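Engineer: Chains A and B, in that order, are what the protein sequence lines are.
Every letter in the first sequence is one number past the one before it in our numbering, and letter 563, counting from 1, is 1520.
Every letter in the second sequence is one number past the one before it in our numbering, and letter 27, counting from 1, is 154.
Careful: at least some of the hints might be erroneous.
[What the hints assert, rightly or not] Here are some chain B residues the structure puts well away from chain A; computed CB gaps all over 10 Å:
no., residue
1, Ser137
2, Ala167
3, Met173
4, Val221
5, Asn222
6, Leu227
7, Gly230
8, Val232
9, Ala235
10, Pro242
[As the list claims (entries may be wrong)] List of simulated lysine-lysine pairs, DSS-like, C-alpha gap at most 27 Å:
no., chain 1, residue 1, chain 2, residue 2
11, B, Lys178, A, Lys1226
12, B, Lys253, A, Lys1184
13, A, Lys1260, A, Lys1050
14, A, Lys1226, A, Lys1275
15, A, Lys1502, A, Lys1318
16, B, Lys178, A, Lys1275
17, A, Lys1275, A, Lys1260
18, A, Lys1275, A, Lys1246
19, A, Lys1223, A, Lys1050
20, A, Lys1063, A, Lys1184
21, A, Lys1223, B, Lys253
22, A, Lys1259, A, Lys1312
I should point out that these hints are in silico values taken from the structure, not numbers from a laboratory.
This one's a predicted model, so the numbers in the text were calculated from it and none came from an experiment.
Using N, Cα and C, we set each Cβ at its ideal position, and we do this for glycine too.
Residues per chain are reported as follows:
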Amino acid sequence: MDDFELELKHDFIAEALMNLEEAEQAFMELETSTHPSELLNKIFRLAHNLKGGSRAVGFPDVAEFTHQLENLVLKLKEGQIALSPQNVTTLLKSNDRLMQMLSGLKDNLDAHFNNADLIAEIQVWLDPSGAPVAVHAELEVSVEFQAPLVEDAAAPSSQDARFEVESFFSGDMDEVVALAGAPVVVAEPEPVAQLRPDPVKLAPAPAAKTHGSDKDKDELVRVSLSKIENLNNYVGELIILQSVLQQQSADTKNPLLHASIHQISKLSKEIQALSMSLRMFPIKPVFQKINRVVRDTAQAVKKEVVFETQGEELEVDKSVIDHLGDPLVHILRNAVDHGLESSSEDRVRAGKSAKGNVTLKAFNEGNQLVVEVRDDGKGIDPNIIREKAVQKGVIKTAAGMSDQDAIMLIFHPGFSTKSETSEISGRGVGMDVVKTNIEEIGGRVTVESVVGVGSTFRIVIPLSLAVLDGLIVAANNDTFVVPLNQIQETLNLARMKVSYIEGVGDCIELRGAVIPIYSLADRLRKGASSRASESLKDKVALLVKTKHCMMGIAVDDVVSTQQIVVKPLGEDIRKQKGWLGSCILGDGRPTLIVNMTELFESDVTLKDWKENVAA
Amino acid sequence: MTDNRFLEISVSGQVCALPLLSVREVISVPDITALPNMPAFFEGMMNLRGKILGVVDLRKRIFGKKPAANADAREVVVVVETERGEMGVIVDAVNRVLNLNEGEVVAAPVRESDPVAKYVEGVIKKSDELVLILNMHRLLEIGPAGGTARVAA
């Protein structure tokens, strides 16, 4: 196989996988759409492209399978077969199979696949009366390709092969269909042979481009992610250098220099915003995948579910997309399988609608992305959780544990309330994996639940992982950076009355609430401590909201706020709790970014504090 | 084929060797930001042209303590690359590159009870001295094995 052919095949696979994702979305919409014919047209076009392309680059298994699929779609399109959830399922299964085949081919270009089972299923739809009719594939194909040949001749002599394909497919689809549907009498294999020498022309063009999106004239290019990452790294360097420059310029009085530096800082910020946006992708594909998962799960457990999504137009960092999919799939499966009541009778008895409601919602909150999964099912019973947790040895005793704490135990490794693993969500992957995945990208996941009313899973992820607004603070003769979004407000302790209460430690009263004060320097020096060793008099407290309470973190001084570029820490250092990463500040020194919430939210501190208050 | 080239370094008076291919560059000791709650041998992190790397003091790492200041100390940081990523190690001096013949590297008959033993991977026989080949992977392990203090329990 020469390089050209190899490249051709890989290009085809990449494009085809993209098209299949689009097709899946169309399949999903089929069920609810009131105008399915348009969707069917789209699907037909995709299937047709795929068939032609796969045959041209030499994937006969894919071609044969899509050919059968195309027949089915054609009949659906022409109304010879009525749409039903059952045949949509067949379509979805076919789409899955195609994805499997193409991913298989991606790894091994010579892979072969046996699709007899699904082809038989499709045949049953095509001819419900009995034995599958043997269709002469070659014959049909030759008819299909009459159109491209005609079109090729008529098309303007553009050098751009893709343009030709586009103009063909957006142009005379009906003609092709008419030809394909017409009775076939002549077998004419030549067109296939003729097409081979220049198969590029058959590479499936993205259907979105061929149809209806003419208003969007902005051309798109595909760029490898590593290039974008490199660009972002360099821009990060630029930002650092720029802040060094700015800091150093304080010593000089040259007005031109100041003006130039100001200009550069403006420019580099814009470049940074632009380069960061290159990594931003719409969250929509994730939601589409979820849509499918909910449908399949609901069908598998025989529940009726009304699934609603909101905010799929949001754009988030690529790494967020990569890490969000699996946790969401898991949470949604759980919501449908375990969250909702097992039968609609149960629901009606509880005074709810017969169909279960599950909502997936994404929205921005400050500098964070929030993804919420809400179901109106039976809720999580903290008592059952407590019981199971003790039984499984996750906790020693449930005494004194709040309902909320108990519910959060579902994220504990090795915890599962299911008495028997079901095929749907019992895949040996627990909620702890959800938590780990989310935490890997600096996010948090929480759940709130009311028995009989439903549960809400809430995932909070910083929107951009690479740049954040940081507050630079001094503590312990050192400089640290705290993400600005973690700090509710800063208080000058010199103007507050700091009291020491036995059992609570240092605390202040703020708007009626008692807020414990911890010293960052102490914490970083030797771990938990309830009493700040140094005088808090001349310090500044950063008000941080942790999971359960507000606390004040005392630092020596707040130096400035600055937009910082987050650099990853080494593998070993990253394992340390409470550190978000590192960054390089204006003076060129590496500085630690402290995750206040994590550093002070640790169970020890909280328990100490709580127990002490109770005492 | 295994590479038979090593970078000969001095660590607390002992002559050691690092596989040459794991060495990225040698730089003078930069500003190092200390990290709280890390083992003593972990000096902190440094800025290498915009990349942030951890820095380990090999003298503290291998021999547990920093020796008394040497009059002709030419401390340098050797930037090495291991499976754990890039890191800087502080050594007393970099001496030369050793290009060895087969048979010059022998297995080290280490004394198991010796704390240094676990960092030794082999010995190079030179006419006048023995050179220890260091196991970079173990040396730069900062996990529990290295006695990491946790920030929070």
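Engineer: All hints are to be evaluated individually against the structure, with a verdict given for each.
Structural biologist: Hint check results:
1. Ser137: Its Cβ never comes within 10 Å of chain A, the nearest being 25 Å, so this holds.
2. Ala167: 14 Å, holds
3. Met173: 6 Å, violated
4. Val221: 23 Å, holds
5. Asn222: Per Cβ check, Asn222(B) is outside 10 Å of chain A; nearest 27 Å; holds.
6. Leu227: 31 Å, holds
7. Gly230: At roughly 36 Å from the nearest Cβ of chain A, Gly230(B) sits farther out than 10 Å, so the non-interface label holds.
8. Val232: Label holds. Min Cβ-Cβ 29 Å, cutoff 10 Å.
9. Ala235: 26 Å, holds
10. Pro242: Holds, because the least Cβ-Cβ distance between Pro242(B) and chain A comes to about 20 Å, which exceeds 10 Å.
11. Lys178(B) <-> Lys1226(A): 20 Å, holds
12. Lys253(B) <-> Lys1184(A): Roughly 47 Å separates the two Cα atoms, so the pair is violated.
13. Lys1260(A) <-> Lys1050(A): Answer holds: Lys1260(A) to Lys1050(A) is near 20 Å, not above 27 Å.
14. Lys1226(A) <-> Lys1275(A): 21 Å, holds
15. Lys1502(A) <-> Lys1318(A): OK: Lys1502(A) and Lys1318(A) at ~24 Å, within 27 Å.
16. Lys178(B) <-> Lys1275(A): 22 Å, holds
17. Lys1275(A) <-> Lys1260(A): 33 Å, violated
18. Lys1275(A) <-> Lys1246(A): Holds, at about 16 Å.
19. Lys1223(A) <-> Lys1050(A): It is violated: about 52 Å lies between the C-alpha atoms, which goes past 27 Å.
20. Lys1063(A) <-> Lys1184(A): 22 Å, holds
21. Lys1223(A) <-> Lys253(B): 60 Å, violated
22. Lys1259(A) <-> Lys1312(A): Given pair Lys1259(A), Lys1312(A) holds - Cα atoms ~11 Å apart, limit 27 Å.
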